[in-house]
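Line order of the protein sequences matches chains A, B, C and D. Per my numbering, the first sequence starts with residue 1, numbered consecutively. Per my numbering, the second sequence starts with residue 1, numbered consecutively. Per my numbering, the third sequence starts with residue 1, numbered consecutively. Per my numbering, the fourth sequence starts with residue 1, numbered consecutively.
Accuracy of the hints is not assured; some may be wrong.
To be verified - Far from chain B by the CB rule (all over 12 Å, computed), these chain D residues:
1) K27
2) A50
3) R70
Unchecked claim - What follows is a list of derived Cβ distance ranges for each label pair:
4) D:E75 <-> B:R65: 51 to 61 Å
5) C:E250 <-> D:P37: 32 to 42 Å
6) D:G10 <-> A:D261: 51 to 61 Å
7) C:D279 <-> A:A312: 44 to 54 Å
Hint data in this document are derived by calculation from the structure and do not stem from the laboratory. Please read all numbers here as calculations on a predicted model, not as lab measurements. C-beta: ideal position from N, C-alpha, C; glycine also.
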Amino acid sequence: MNSDLFITPFNLGLYFILIYSVVRSTVWFMNLSRSDKLRLQRGFFGRPFMDSLREIFMESLLHRKIFKKNPLLGYMHMSLAFGWFLLIVFGTIEADFFGEKHLNPPSHAIFFRWFNPEHGAEGFARIYNVWMDLLLAFILSGLLLAVIKRFTPRMMGMKKTTKHTWTDRIALISLWLIFPSRLLAESFTCGAHGSGSFLTGNLGASLASFLPAAEIAPYFWWLYSLALGTFFFLLPVSRYFHIPVELLLIFMRNSGITTGDRHSSYTEVQTHACSSCGVCISVCQMSYAAGIHDIQSAYFIKGLRNDRDIAAITANCLMCGRCEEVCPVGIELGPMRLIERRQGEREDGKLRLAGKYAVTRIRSSIEKIPTQSFSYLAEEETEKADILFFAGCMTHLTPSVIVAMKKIMESAGVKYRFMDEQGGVCCGRPLMLAGRDREARELINHNSGIIWKSGAKILVTSCPICYKVFRESYYLEATVMHHSEFINLLIEEGSLRLGYLHRKVVYHDPCELGRGSGIYEEPRAVISYVAELQQASQERSMSLCCGGSLGNLTLSSGKRALIAADAARTLTMDSPDELITACPLCKKTFMQATKTKVSDIAELVAAALPKPLDKPVKRRTTRTTLNATGNG
Amino acid sequence: MKGTQKHVIIAGGGVAGMEAAGALAEMGYRVTLVEKGQDPGGHLLQWHALFPDSRPAEEVKSYLRKRIGNHNITVITGTAVEKIKHHPGGTVTVNLSGSKEEKADAVIVATGFDLFDARRKEEYGYGIYDNVITAPELETMFNGGRVTKADGSVPSRIGMIHCVGSRDEKVNNNHCSKVCCVTAVKQAIELRKMMPACEVFCFYMDMRMYGPYYEELYRESQEVHNVNFIRGKVSEASVNINNRLVIKVEDTLAGRPLKMELDIMVLMVGMEMAEAGTKLAVASGFRLGINRFLEAGDHHYGNNLSGVSGVFYAGTCTAPMNITDTISHARAAVAETVRYLDGR
Amino acid sequence: MKPEGKKRIWAEYQKEIPDDHFFYVRSCIRQTFFAGSEQYFLKILREDLGKDVFEDPRHTTCTGIGYHGDVVPFETIQTVVARHFALATEAGYRHIAISCVTSFGIYSEILETWKHFPETLERTREDLYKATGRTFEVPETISHTSDIIYKFRDEIARKAKYNLINVATGKPLKVVEHIGCHYSKMFPKYGIGGAEFPHVLVGMIESWGGDVIDYPERRHCCGFGFRQYLVQANRGYSLFASRKKFESMEPYSPDMIIANCPGCTMFMDRWQYTINEIDGITYGKDGQGIPVLTYEEVAGLVLGYDPWELGLQYHNVQSLPLLEKMGIRADPSRRFLAKDGTRLPEPANLING
Amino acid sequence: MNVKQANKFGFSINRSRLIDYDTSDRKVREYVTLREPSFKLCFACGGCTATCTAGQHTSFNLRRLNTYIRRGEIEPLREEVTRCMLCGKCLLVCPRGVNTRNVVAMAAEAIRKLERNEL
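The following block holds chain A by itself, in its conformation from the complex (with noise of 0.2 Å):
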């Protein structure tokens, strides 16, 4: 037994970090709710595992989504936690292969060739070598870029990356120090021994051709060791325990489980699943079009993980969901932030201090506190009808909207009520979106008893942000749909008859309607129906956020404007006629941002109605044209 002292460090280090992470996941397994712990247990057992290995194989080693979204970025991650993989895996194959017994302790694979410094002459062992040498290169160039990419992100074609605490720093030196030291511990080894392949054996050969290797080498061990054992101890307070935590997410969201609305084992699993990789950065519209750093969805985390005050980041965000779709982690960043926004009602910074360290964790004790009340509304008395149109607080800010959509149903004559033509009461999203989801149902309750009362199967609204929570918290028998649906409905069955515009537009998708709640393509089946649709640069799913987001509580209108001016710049960037929106804030905001003019898509169908001299026939031949491409 060639034991040295070197390897203590690591071996501390190794065994508490195993410790750590079994206790740590078994905690939050125990605090899963039962229905959780259920979904977690089935699909450990099921095709949700063997989807969870893929995937930590894609995302987690390979770094898939990191690599299609920027492929330097991809590759030095994928550098170092594949090659690191690898470096293991074969590591723990050569020791067990040419080590002196089988089933050896892991220090004795990752110190290898301290331990056989004469291994790998001739022979199989030999090829090995090469291929070791060859993972340690692959990770030494990733860590290149790393290094590069700290100081100066923006060769790696990031904008900004996250700033860092005092123990992610030291982490950082020591995940840094890891690879290098290891090379020069080998190099001086093999150097003493004149052994090691082309990169160990070479610099090796070099370096103890003016110094004393053999006796230089144990220091590098030394370091080696260390780094790692610091590494590992440090890991569960740094960023880097995104590592092993990530693994764990991926089998709980494979599971099944959500985030839901309120802290949970699930939402800590996913704090901590977050590498501060700062893909959600670049693509946040308050950084890079208001010049607002510090409030972006890695701070978020970061603050959330290490227990700061972070009511003001959580209050100042568009919720425009940009950043979700990006996560290469896939971390539920819209509810994680609404949760925290319930949670800012508490306030309560010492408890959650306490509770950090608790083994059970008390977060969803939700205060009783004096809000909103709103026994003031008084019961309607509603009509009976079979649609019903819902436009919305700010629809009444954009009449035209209204006037637009009247128009439409009627010519198709579509028999409806309107629901709010006197002014209504608020859908309740706004104060969903302020954390206020008790007070939310308030209002919930009021507009759901007109709805049920009225018998109406269809409920047609212009407005996305009410489209969203009527989907979503009503209870309803009545159809939702967003007055781009219903358009496309009343084309599809052919009532609607419309001439075509001959203007080129280009469509903007409100948050709350595309990312929010899926709906892409009915808006540009209709549009295309009426108008030459212009693709634009961001759209669907990575459409922009227009800036009037009510989701963001603190932004003042200043910023708003800024990033509202940013986003119609990139969407008329091809000098469209009309830049067309499905919701009333978006048409609002943008009205404002760009001297093109904007209209609500109700508008520009209204428009393609035929005037009361047209005749039919002139539409038909652009109708089949149409028909024939897929449309309608």
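We have chain A; now place chains B, C and D onto it with these hints.
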């Protein structure tokens, strides 16, 4: 015109009079500028800085002084114009105080305004309470570089009372003096800059920020300088046992009465027709309007015309105006005068 | 405070107060609640100052309370007042001395109305003639009786036996003066010193040696306010107004309040008891209350009349500590003795009783 | 005592409607101004109140709420802040760009803190 240089007398050596004198002299007319005070300059003499850009008043003063430095101008100070009479044939005689008489080809009346005598609003206690001052008195303090209470201590809360003597039937003034709102905002900003620990409140009925950059200044006062605004006319002031002023006002936006202690109360005194101008008008038979200022021949296109041949009006003797408008009005009066003299 | 500023205003608001020959009209409230005050006004004027004051037993209320309580129309009250003028005319008097501030306000209002709308004067002449067969002359002057005491304040000071000075400390007494709203707030020119800084009581207090307290709510209404008090549901406002005044004057620790209005004297006195009952607060030093006196009572004290003859015992806040400060020796046991020596029932709940 | 005596007289002393700026509590104002500086810009045009969704159903008045915050009138605020639906219409009509929604949110937060003596 060469040879026999035509002579214009200007009654009043304030901003309007000085500008008119300068403009006429530049064109070669002989000008006599009659000022009742010891120095020409009018009310501007008391001012420290001007709205809306806080430009030092001295700059405008020195511009005007330079303006009347022309050799064609004779300045007579300590003398009032008492009567103006136009004679058939075109000569205008002007009676000056001290039983002097001057002859001229034309006369420009620029007798300006008097500041409202704040003692007439008895309920504010001006002249009775120690720390009730007027806007020009505050300017004097600014000139001295220090704003203090009567006992020399540093104020912690100052109230600017708008519309003192303006828009107030009780003192027989229904007109708006136009410049007080923006003056209050300007002074409030200066106070806040000078004493960041001192709260400043403006008590207003309406904010009439009519001029260029005035509204912007108002916004800046709120946004940057934290000046507070309370909508309501202060109804009375008294002093409490600590000799602090106590004011009563309705916070009309809350619909409730409000009481507040102040260290200094600044009365934004308005403009009234000058007493000397009124005497002159009565003696000369000039028409006075319902606001008691001189009534011009035509409100829209003849507001420098007096209705008396050879006599023209310039500046605030016709209505409250800021300096910019006064200078423009004086130049317009010069244009009218020249047109008259050339056409004769 | 700049005294010269006030003096300037006082100089501006001077009114003509006749020297002699007054036609006296009484106050409904005062002759009931502070009968001694009116009694001593006549006594001081007639005996101490040797003036001619005529009183006609046929004169009635001016109906001012009914007028301000919205039950008496203006035409009616003009006719009633015209009848008083007729009585004065018949008796040959041209100067009216009015005991009540409400009446004084009514008289001022009517005279001003007649001045600006002469047809109303003619109409009133007609109304009065039709109703009573009387005719009248518009009086030359109207004076509130406080105006008259004000005019002779220095003469009274010369005859003073006591001054408004704390004999124990030698310092002037701190006196709150309260002017009835209708004295000069409606027509500042009818009041001595105008509406904002009335001089009528200030002059007396200063002449007799006291110090006037100028406190923030000096101008505030006592709370009577006619409908505020007359309608029971509104009395909370009345109380609130009084309390506001007391709280404002409290820091100055006043020795007494002098009022020139019947309602004010009564409410500022009686409400001290009510506030004590409702809120348990007693104003004044050591919970002694703040005595509220009429100017005649104070003039009487200064001239050395017996406090119990003046009727000080009929105030809710008793004046014993005040009398002690002024150095007036008064036997408290004689307070509720009738003229014939029989003991009158003693009121309960007196402050300082 | 108060109620009993009031019954005895048939009336009690009215409460003051006066805004006493010298004794009012301006902590809420400071809290809101610090966290939402645009609050200072309100010039009381009333646009927010006119468009207010909640205001169609109850006496909620954002313009007045602003005034109450400025004057430190906490009592009427307490109830007022609970009536807002946070729908954000006011945000779109405000001519001075006041972040009205956050003003209400911050005022509500300040009041909660005040109640817990955290302000």
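Here is what the structure says about each hint:
For D:K27, the non-interface assignment is confirmed: its Cβ lies about 15 Å from the closest Cβ of chain B, beyond the 12 Å cut-off. Look at D:A50: its CB is around 15 Å from the nearest CB on chain B, clear of 12 Å, so calling it non-interface holds up. Distance check on D:R70: its Cβ comes as close as 7 Å (rounded) to a Cβ of chain B, failing to clear the 12 Å threshold; non-interface status is violated. Range check, D:E75 to B:R65: Cβ separation about 59 Å, and the 51 to 61 Å hint holds.
Between C:E250 and D:P37 the Cβ separation comes to about 40 Å, which falls inside the hinted range of 32 to 42 Å. Evaluation of the 51 to 61 Å hint for D:G10 and A:D261 yields a pass: the beta carbon distance comes to about 55 Å. Taking the beta carbon of each, C:D279 and A:A312 are about 46 Å apart, inside 44 to 54 Å as hinted.
Consistency with the previously given hints fails for number 3 only.
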